[in-house]
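Student: The sequence shown lines up with residues -27 to -1, 1 to 159 when you count with mature numbering (1 follows the signal peptide of the UniProt record, and there is no 0).
Hints are supplied without guarantee of correctness; some may be wrong.
[As the list claims (entries may be wrong)] Subject to a maximum C-alpha distance of 16 Å in a straight line, what follows is the list of computed EDC-like cross-link-like pairs (lysine to aspartate or glutamate):
| no. | residue 1 | residue 2 |
| --- | --- | --- |
| 1 | Lys104 | Asp157 |
| 2 | Lys104 | Asp35 |
| 3 | Lys104 | Glu13 |
[Claimed, not checked] Here are the simulated distance ranges between beta carbons:
| no. | residue 1 | residue 2 | range |
| --- | --- | --- | --- |
| 4 | His20 | Arg76 | 25 to 35 Å |
| 5 | Glu78 | Pro127 | 21 to 31 Å |
| 6 | Arg76 | Ala21 | 20 to 30 Å |
| 7 | Pro106 | Ala2 | 35 to 45 Å |
If you're looking for bench data, these hints aren't it; they were derived computationally from the structure.
All C-beta atoms, glycine included, are put in the ideal place defined by N, C-alpha and C.
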Amino acid sequence: MDIRVIPRIGWLLALLCLGLFPTQGHAEAPVQVSVCQLLEDPGRYNHALVEVTGRAGHGFEDFSLTAGHCADSVHVSGIWLEYGGTHASGTMYCCGVTRIRTRPEALVVEGVTTRLRDDKVFQDFDQIIQKEPYARAQVTVVGRFFSGEPRQFPRGTVWAGYGHMGLFSLLVIEQVLAVSALPDQD
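Using the sequences and the hints given, assemble the complete structure.
Tutor: As structure tokens, then:
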């Protein structure tokens, strides 16, 4: 065999291998779930990219996603929210988190680098949710879910480790698909 043929065979094999794995370059499709599903079985969705609809609330020591009432749930606090990428929600809460709205590098949680699609729908959501003292919105988002760790309490096991006092699971928002403002609560 001619020695000049060997590099050509190597290149052909490399191209063949690239053609056999076409999904490597495609974006991951989110799993459609409800807030209640995330709260009822957080470990199942740990690190998953999810699409979820719920009520987002934002104010002092709160940026969370709820669904109203989930049957048989010991969770009363919902899921903590944060923006992915270099955007930050500016939510002030315990302990040491400030109202800074940007970060110098993309948010990394449990070794997973997050991103955020900064489009008009996200900007509308951010504008609604930043109203003080407290704002609420009905929102559909795609984000990366982090369950936290199971903790035993008298009412049952709660998955936690994020947000205010470390009492929440975390959903890092990567894209806002739909948003509408909700009226102020009395």
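Student: Which of the numbered hints are not met once you compare them with the structure shown?
Tutor: 3, 4, 5
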